[in-house]
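Chains as they are written, first to last, in numbering that gives the first Met the number 0: chain A, 0 to 294; chain B, 0 to 98.
Derived from the structure by calculation, the hints contain no laboratory data. Each residue gets a CB set at the ideal place from its N, CA and C atoms; glycine is no exception. Hints are not guaranteed to be accurate.
Claimed, not checked - Across the chosen pairs, the derived CB separations fall in these ranges:
hint: 1; chain 1: B; residue 1: 78; chain 2: A; residue 2: 184; range: 25 to 35 Å
hint: 2; chain 1: B; residue 1: 23; chain 2: A; residue 2: 141; range: 46 to 56 Å
hint: 3; chain 1: B; residue 1: 45; chain 2: A; residue 2: 16; range: 37 to 47 Å
hint: 4; chain 1: A; residue 1: 258; chain 2: B; residue 2: 83; range: 17 to 27 Å
hint: 5; chain 1: A; residue 1: 229; chain 2: B; residue 2: 10; range: 57 to 67 Å
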Amino acid sequence: MNFVDYYKLLGIDKTATPKDIKNAYRKLARKYHPDLNPKDKDAKKNFQQINEANEVLSDPEKRKKYDQYGKDWQHSEQFEKSKQYQEQSSNSRGARYSGAQSEGDFSDFFESMFGGAASGGRSRRVKYRGEDFNAELHLDLIDAFKTHKQMLTVNGRKIRITISAGIENGQTIKIAGHGGQGINGGPNGDLYITFSIANHPGFKRLGNNLYALVDLDLYTAVLGGEITIDTLNGKVKLKVKPETQNGSKVKLKDKGFPVYKNDGQFGDLHITYTVKIPTNLTEKQKVLFTELSES
Amino acid sequence: MQTEKLTAVDIFCANHNIEISFISSLQQTGLIEITTINETGFIDSNQLQQLEKIVRFYYELDINLEGIETITHLLQRVNSLQDEIIALRNRLRLYEINE
Chain A
0 MNFVDYYKLL
10 GIDKTATPKD
20 IKNAYRKLAR
30 KYHPDLNPKD
40 KDAKKNFQQI
50 NEANEVLSDP
60 EKRKKYDQYG
70 KDWQHSEQFE
80 KSKQYQEQSS
90 NSRGARYSGA
100 QSEGDFSDFF
110 ESMFGGAASG
120 GRSRRVKYRG
130 EDFNAELHLD
140 LIDAFKTHKQ
150 MLTVNGRKIR
160 ITISAGIENG
170 QTIKIAGHGG
180 QGINGGPNGD
190 LYITFSIANH
200 PGFKRLGNNL
210 YALVDLDLYT
220 AVLGGEITID
230 TLNGKVKLKV
240 KPETQNGSKV
250 KLKDKGFPVY
260 KNDGQFGDLH
270 ITYTVKIPTN
280 LTEKQKVLFT
290 ELSES
Chain B
0 MQTEKLTAVD
10 IFCANHNIEI
20 SFISSLQQTG
30 LIEITTINET
40 GFIDSNQLQQ
50 LEKIVRFYYE
60 LDINLEGIET
70 ITHLLQRVNS
80 LQDEIIALRN
90 RLRLYEINE
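Chain B with its partners taken away, still in its complex shape:
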């Protein structure tokens, strides 16, 4: 059983001073995944950064869950477009004349 890269939901909530129900609602909307081991919920470490971002959206910017879902999708789109721009710029450099 691997638990090294997991953070217990209750510990995360205590550290961030947030309700466990908030994490549950994020799980229901599919924004994060919770791993349950021995009836305890855990968050994978690779989701922590995303989760903290969501916490900031919700608690600091007063954005509701529907808004966060929309923003998350749009940010994914922005990231993929930014990657595409980099790839296209690199391709464009093939045709640029060195100064």
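Only chain A is shown next, with the shape it has when bound in the complex:
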């Protein structure tokens, strides 16, 4: 656990007045407030840090303790006992902005010195929705192909969600009421889950369409025939026209990806043939190819 320099975080020096602290905090809060930086994890982290700094420095008791024991936070227990700090802390005077912080958002350093969550010394007793939580869920393409249930643990709470087939990479869904607890009796926030879907070695996806390269031996490409190819939904037999060129494309209707929340609807599978030239030819084969080239 590292010492956190709250003065440095707010860009002020140790002689800063309460007004200086308030001004520095407000300036940084405007810069990093999560409402102003949607989907920016760094901004949220920075905001939590400056909130923590303000929580300490805007409260004379906490500031005194921090100034006295900050770098030697391990010894702050003695101070804790002598001052019976916990009882007093419920009357904190520090204002703290909402919308991004909940219990458990403080650094280990803070919790070690001040015993956990903030005192909630907001200047206005208002009911606020709880904090919205953001989570990222990693799936592979096969997972995203079928509707399935998953159990998630978010901030210690287990949530069972149904993921509909066809979810997109980067798509975000909202689970209402599963965010942070409401403040002063306000409603709970929401949980936003953003899906990150890994590439598949055999298929590329664009929207509801899938794209795949299929190897075709020279003889089938020239003479035509029937091949069996893999789709995400099993194997499919496919007729190959004679004289199929390398790079030729074929569209298999409704063999692509399911359309999100539209049961029974699918995109298309686009096949591109890669004609493979035979290798390690026998002498006889070489003769035959020579004859062919001269015919």
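Put chain B on the given structure of chain A with help from the hints.
Below, chain B alone, put in the same frame as chain A:
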């Protein structure tokens, strides 16, 4: 008459300890819409999140209404650009070689 998804303006203001005139000024600037039923103003539930955000801008970050209007427009732009980035990244994956 559907009132299930509406929150009365006065109740919202009481819960958030804000002036009703503030909501009126937001309505005048077009930042939120108020539905009036039997002379009582209501806020649709799908606007609550946006409204709470505006309240935080105004009361906690000391941003005035003109600033909030500007920020709201810019945030809409940011959101649409972020959506566009996701769509473009997904398109780019078509051309990426699997490792």
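Hints, one by one, checked against the model:
1. Separated by about 30 Å at the C-beta atoms, residue 78 of chain B and residue 184 of chain A satisfy the suggested range of 25 to 35 Å.
2. A hinted range of 46 to 56 Å holds for the C-beta pair residue 23 of chain B and residue 141 of chain A, which are about 54 Å apart.
3. Between residue 45 of chain B and residue 16 of chain A the beta carbons are some 44 Å apart, a value that agrees with the proposed interval 37 to 47 Å.
4. Separation of residue 258 of chain A from residue 83 of chain B is about 21 Å and conforms to the stated range, judged on CB atoms against 17 to 27 Å.
5. For the pair residue 229 of chain A and residue 10 of chain B, the beta carbons lie near 58 Å from each other, so the given range of 57 to 67 Å is met.
Comparing the model with each earlier hint shows no violations; every hint is respected.
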